[in-house]
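Residue numbers (the working numbering), protein chains in the order written: chain A, 1 to 204; chain B, 1 to 815.
It is possible that some hints are incorrect.
Far from chain A, some chain B residues (derived; all Cβ distances over 10 Å) [claimed, not checked]: (1) 114; (2) 121; (3) 151; (4) 250; (5) 281; (6) 466; (7) 718.
Derived CB-CB ranges, DEER-like [to be verified]: (8) A:192 with B:619: 28 to 36 Å; (9) B:463 with A:147: 52 to 60 Å; (10) A:164 with B:619: 41 to 49 Å; (11) B:615 with A:147: 28 to 36 Å; (12) A:49 with B:435: 42 to 50 Å; (13) B:746 with A:44: 29 to 37 Å; (14) A:195 with B:435: 34 to 42 Å.
What the hints contain is simulated information worked out from the structure, not anything from laboratory work. C-beta atoms are modelled at their ideal positions from N, C-alpha and C, and glycine is treated no differently.
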Amino acid sequence: MSRLGFFFDASACSGCKACQAACKDKNGLEVGVLWRRVYEVQGGAWRNEGGLWRPDVFAYNVSIACNHCELPICRNVCPTAAIEQREDGIVTIDRARCIGCRYCEWACPYGALQFDEPANRMTKCDFCADEIEAGRPPACVAACPMRALDFGDIEELRARHGATAAIFPLPAPDVTKPALVIKPHRDAARAEAEGAEVANWEEI
Amino acid sequence: MSGFKGIKKKIETAAMSRRGFLRWSSFVGGSAFAGRGLAARLRRGPGGRKESVRAAASAASVQEDAAVRVVRTGCPSHNCGGRCLLKVTVKDGRIVRIEGDDRPGDAIEDPQLRPCVRGRSYLRRQYHPDRLTRPLKRSGKRGEGRFVPISWDEAAGFLADGLTRIKAAYGNAAIFVPYGTGSYNQLNGRQTAQRLLNLFGGSLGFYNSYSWAAISRATPTVYGTSVTGNQRQDWLNARYILMWGWNPAEIRDGTNSEYFVHKARERGARVVCVDPRMTLSAVALADEWIPIRPGTDAAMMSAMAHVMIVENLYDAAFVRSHCLGFDGTQMPAGYEGAESYKDYILGTRDGTPKTPAWAEAITGVPAATIARVAREYATIKPGVLYQGYGMQRRAYGEQAVRAGCVLAALTGNVGVPGGWASGIALQAPDGGPFWLVFPTGTNPVKAAIPSFLWTEAVLRGKDMGPADGVTGVDRLGTDIKLIWAVASNALINQHGNVNRTARILADESLVEILVVQDNFLTPTGRFADLVLPACTQFETWGLEDGWKYGDEVLLMPKIVEPPGEALSDYAICAKVAERLGLVEAYTEGRSERDWVAWAIEQYRKTRFPDIPDLDAFEASNAGVYSVPVTRPAVAFADFRRDPVGHPLPTPSGRVEIFSKALHDLGRPDEIPAVPKYIREWESPFGPEAARFPLSVIGHHYLARVHSTMDNVDWLIEAFPQRLFINPADAEARGVRDGDEVRVFNDRGATVVRCRVTKRIMPGVVALPQGAWWRPDKDGVDRAGSVNVLSSERWTALAFGNAQHTIMAQVEKART
Chain A
1 MSRLGFFFDA SACSGCKACQ AACKDKNGLE VGVLWRRVYE VQGGAWRNEG
51 GLWRPDVFAY NVSIACNHCE LPICRNVCPT AAIEQREDGI VTIDRARCIG
101 CRYCEWACPY GALQFDEPAN RMTKCDFCAD EIEAGRPPAC VAACPMRALD
151 FGDIEELRAR HGATAAIFPL PAPDVTKPAL VIKPHRDAAR AEAEGAEVAN
201 WEEI
Chain B
1 MSGFKGIKKK IETAAMSRRG FLRWSSFVGG SAFAGRGLAA RLRRGPGGRK
51 ESVRAAASAA SVQEDAAVRV VRTGCPSHNC GGRCLLKVTV KDGRIVRIEG
101 DDRPGDAIED PQLRPCVRGR SYLRRQYHPD RLTRPLKRSG KRGEGRFVPI
151 SWDEAAGFLA DGLTRIKAAY GNAAIFVPYG TGSYNQLNGR QTAQRLLNLF
201 GGSLGFYNSY SWAAISRATP TVYGTSVTGN QRQDWLNARY ILMWGWNPAE
251 IRDGTNSEYF VHKARERGAR VVCVDPRMTL SAVALADEWI PIRPGTDAAM
301 MSAMAHVMIV ENLYDAAFVR SHCLGFDGTQ MPAGYEGAES YKDYILGTRD
351 GTPKTPAWAE AITGVPAATI ARVAREYATI KPGVLYQGYG MQRRAYGEQA
401 VRAGCVLAAL TGNVGVPGGW ASGIALQAPD GGPFWLVFPT GTNPVKAAIP
451 SFLWTEAVLR GKDMGPADGV TGVDRLGTDI KLIWAVASNA LINQHGNVNR
501 TARILADESL VEILVVQDNF LTPTGRFADL VLPACTQFET WGLEDGWKYG
551 DEVLLMPKIV EPPGEALSDY AICAKVAERL GLVEAYTEGR SERDWVAWAI
601 EQYRKTRFPD IPDLDAFEAS NAGVYSVPVT RPAVAFADFR RDPVGHPLPT
651 PSGRVEIFSK ALHDLGRPDE IPAVPKYIRE WESPFGPEAA RFPLSVIGHH
701 YLARVHSTMD NVDWLIEAFP QRLFINPADA EARGVRDGDE VRVFNDRGAT
751 VVRCRVTKRI MPGVVALPQG AWWRPDKDGV DRAGSVNVLS SERWTALAFG
801 NAQHTIMAQV EKART
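Chain B on its own, in the form it takes in the complex:
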């Protein structure tokens, strides 16, 4: 191998003075393969040129340098579905390389936590030239994006004075730290501000999330709990896996989820993907792709139930012994006359049998395909119907969730190895990782709103009550007057109807003080009165566990210094606490590292009794503590075995196909007691389709985690922001691959280049969510930011966001 070392040395010392040979470059000519191979088709991208190779041999040479450190750490958490291990090489105080998990073995019980393209590209975010390095104060109008740098003293004073003034004028409930997951580990993120505000007398609370509002509300209506998922190694016991709107290869719904499905398929499971897009998961994991019109999942599920019922394929014994409300024989007392699930499916009351032919017209899926999938799922057992979350961020998202759970019950796949109960599927036996152990304390303000209704609370909080999902009080009593957005771009970019939100935030009489704390000047940051520069998760201490799944804890030591004056979320809060006279109560004398040690002790007391303490954990440089899963837990196994001795925590103790609680809400058209297909308020079947005939979905994209990492060049190169459109829809509009198109409806417009692709069904276009809103002088977005098209309307039961329910039109851009 000495030959390579010699060459490497030459690379490192390569002289730039070989101009004498440059004349050779004029000899560029053809070759035997010109025009035939891939090389002949190579393109150079929009810039038209290839740029310099940076320090070609730097990564190789660092290994010989004594000043080099290698640190294993958790990948910075931004609320993707993964939690992965990084091996970070540091030289002269700068990260020079980011590798993945290198633990030996990679066994299925404890597989390597290999990061995705985002984690592997993190260097380009870490050392991005646009990092915020100083506090900024607004110097122009709200949203203009004009700022002047100020000192930390002035910045902390501005926020502390603002909090004090708003508290005095309107009360603590006028203060709000909104939903946001741009920084999302135990010591980094919005919870640091929540802790401070709880000491300050509280702030307006919120519940649910932009990710899971409908599924987290709907799942317990069926099972009484959200812990409906088996540990994932159990998928290897499945013989049939229905990935319904579920795309683990792109969203990373748990590190390794796509790998587990792959392994299940290797062991003989048949895998079918139902999705409007032929996703990366469909290509790599599935035997069959079934495109379905967005927002119609409950119709296909109902038709599958129809097939199972009329062909007698459902698990009648399980339904009889474990379920409630399937048919007239098992309605709850006092509700004997209500419509049962079987009534609905067979059309006994409404006159419409939910046949595959009925569903074909709604879903776009051929009736024969629906019937075949129903037979497969009912007979190839055990089977997994895994519900993605996109289908529940829709107008009647609760219905698809409940319909999926009911199919799992009808097929008897609940409580058995290789089966799956569907729903939100937090991991058995204990619900999986803890979302937060960092102690925020108790909020003295009892009022809470659904996370998605914050604009309502800005406009009319005074009069909001339970009808708007407010909990804890009968009436909110005040509007939101101060917003402190920590690691949140949800105010503009990720909230429904960007143009509406921008108008609300621009009005200084509504939100009087707007503070944004982040790594970059996001579109939300551009509306701030005060911008606080937060460090990245490589620049402070942190700790994370396995997101939804996982039996591991990842340590995130401080690896490098932050740039300029950037500080950790915790340190920023401590500065503000000092101005409020709360610093001792806030910090309890603990540094970030001390809190990590504290959090590890919480893990030791709960899920991980054998976890090493911080000193040992850090000294090992393992980066991760994991517990191998050798006997994967199965949700509801006890209930399955003995439904009387181990009833579900539902009112009846059974799987509630019919829900008394939902029936009693008295809104059967929007909140039926059995799951139903309900036509969305914007759909291809309504009058709106005349002007806006295309369904728009804003799927999760590998280029970003929501809106985080939108500015990372390696990711833009790998996955550029495009409108994905079927050739039939493109041709009808005179649009060709690569053209700029204008996507618009009554709420807004965006201009973006398109990708004409067969991997999306006709009538549907996809504009990946998260691109940073960039309005031109006419207010037209030029970045492909999907939320200029989405709506602020919320779902009936969960008060959740329905941001994927969008109809729009596409035309070739005029410019």
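This is chain A alone, in the form it adopts within the complex:
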């Protein structure tokens, strides 16, 4: 069976967060729970040359949900086997079995696990599996005003867009093998080389 993955075009993402809101609307997420999040990356510097400020500054955005990894470390660390992976790759949480220990949240290097504190249960992106079953795209993909998000068979996505699965600030992909393909922003290489930073932590 083919496995599902996301495609994200970082070169086209404006950081408008329509995807984030669409996800919250679809899944009824309260403030503080972000199954899809947008990291704003900034780097470079301003130089003052003879009183004139000159920018050598760059910025881009990374919209990330759960990457439904081939090696879902969240599942591996769950002490109650509440996290499962379907044949199509979608990683799900069984709320009835979750005990709220938050191991998975610590383990996931993408921040995909989002804790529902009052209910003491972990939550996460389920790839809008119900939408996919009904023949529709996930809410985030359908929402993007820049058409920068897509989904599909991960091998097809890789054939079409290449194998890049990590740009700053994402972790190296060899750890969990995310079902993710990224078209990098032109400044992603600079971000790696020059030590960029995430500029909007308070929004995530």
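Take the given structure of chain A and dock chain B to it, following the hints.
Showing chain B alone in chain A's frame:
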């Protein structure tokens, strides 16, 4: 896929009684990735905790429920630049989900109208606990915000009696329904009250807007018309796009505008963004960002013209055959001795050549960059110089508009596919969507003021005349005595100089009766004598078309009932009309739905001959009727081909680089006949900069549409209100990212948290406009409301707002 269904079922029936496992939660520990991945940096926001996931599977489960309805509708109009399609799921009389356009295809000729983060977050506004549900009458002092609920009977009587009394005492011109766009479709908004008042003998009129005053006045001085824009699919023919202060990814200047620019870039166009901020558009759309000091756009444009002239890069043939006043050889008869544009640029008369080096000192843009952009725009053709509107909400906003139009003409980009004439750019061939087809009737009061001068008309309306922009009469003859603000937070929040406006409104001897009609108790509402609860656009009928651009009509059927006693703007007006004995004339027997049917017929007679009637439109549940754009119209194509046979509607029939009409106003220092850079009345170059060295811009923010949606939690989470400040300016003030800062000048002060960001140039801070003014006991705003800093002063030519011309200081807040 059965596995998921099983899990879903378990989610829905998840028991809360698994306390036996809770002991596991004490085992929280590290993992192989602690400290390395994003997860280790996750933060929880100011509240410090994550809240409950609401009804986790409700949205999924509704699809199986027979009682569920899905309705496609236009996104509620609040005067953002977009008009988008929503797919709304309703269960048990309540909206439970809001999706976007799901029409198949998404072709460039007729793309999906995908809503932005605001439309996608609308549930949280629709069901906000602070919705107004009953009429309220003031019980404290003006502005204290103390009210008691009253009946609709009493409320309608209060307003009707007030109108009658003010009319008798001062005349109809003392009644005013101010500018405001908080509800903005054909059946919702201030026009409903305008119709009633026109039947009542009229009210003081206004012209222009807080959005476009300068650009709508200045564009026709060059082209004789505001229809200067091509249909947007034509941008795909452009090879160069200069986004000048234009930020479609945040303001949505037409649904899909950012997408069209993206597509143009995919096809090889080079895109350059000139803006003090590295905007979302700069990041997603542009190959290069050029920061420029606010209020100096005309200086950079003039220097670009200098480069084009001295390097002979301008389109001399087009200038000769299509323009007026470029140089001494083509001045209008009787004005041969006046200063031509070339005279100004080369400094023939004033001794100052407008070189890139001259402009560098003013704009902060390196001379070499200015020269390079000039060469690019003059040689990479066809090209688009798209002017944003922020640059014209400034002291001499008209100049930047005219200078941009002139650059488009100098480069010969007027009237060609892939080009762009600049200016306000209403869409060819017909000016684009209709702003209003709902019939307001004729206002028996002929007097009108510029929209921004209403406080002047409160204070000294009696003596105002043409010198203050009054039209229709020689003298206004009365002050404004009754204000009925429908869907308008412009009285306090969005007007220049909040503290001044608050003092004016608090004085009951000036405006004697103040009525505010809205969804929420806005800062304006807090000053009301009477608050009328209006429903949202999901709760009544409406109809909208594509804002500035667009070839579509969106139907907005009534989807759910309003809360409590809230009513539509139209129904409220009908109640008041009843008390005034005007209900039959007002309604003509039509319901809201009947008026929508009526409006659709107006569209059929004009722009959309094949639009279905309301019954068919509603039955289709399409939500939108659109006309694909397969051959995008190009403004001025006929004029380009044959300037004699198809002259422009200017006095000369040509592109007026030099304007006789402006020359004849006799105010060359503020209204020159050729576009010039004029130093603003508050600037980094004046004495005021010693105390207030930072330029403040109040840009449009994705968290709001102007001040609408300021109270929506998903938007606050996504885009919190912050003062954006460059690291150099922050460091000089001992301010660190996240600190509370005090931003102040002589007009007011606000305390707000800051975001230290490299995405704004040094010397400039940005405080997004629209945050709801929240003064503390000392009068210091605690919400980051930029208009406590802005001024009520208006522009010379258009009588427009100059609310982005602000100098201020920033310091670390003491508390």
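Right, here's what the structure says about each hint:
no.: 1; hint: 114; verdict: 5 Å, violated
no.: 2; hint: 121; verdict: 5 Å, violated
no.: 3; hint: 151; verdict: 36 Å, holds
no.: 4; hint: 250; verdict: 7 Å, violated
no.: 5; hint: 281; verdict: 7 Å, violated
no.: 6; hint: 466; verdict: 44 Å, holds
no.: 7; hint: 718; verdict: 5 Å, violated
no.: 8; hint: A:192 with B:619: 28 to 36 Å; verdict: 55 Å, violated
no.: 9; hint: B:463 with A:147: 52 to 60 Å; verdict: 56 Å, holds
no.: 10; hint: A:164 with B:619: 41 to 49 Å; verdict: 48 Å, holds
no.: 11; hint: B:615 with A:147: 28 to 36 Å; verdict: 34 Å, holds
no.: 12; hint: A:49 with B:435: 42 to 50 Å; verdict: 48 Å, holds
no.: 13; hint: B:746 with A:44: 29 to 37 Å; verdict: 36 Å, holds
no.: 14; hint: A:195 with B:435: 34 to 42 Å; verdict: 50 Å, violated
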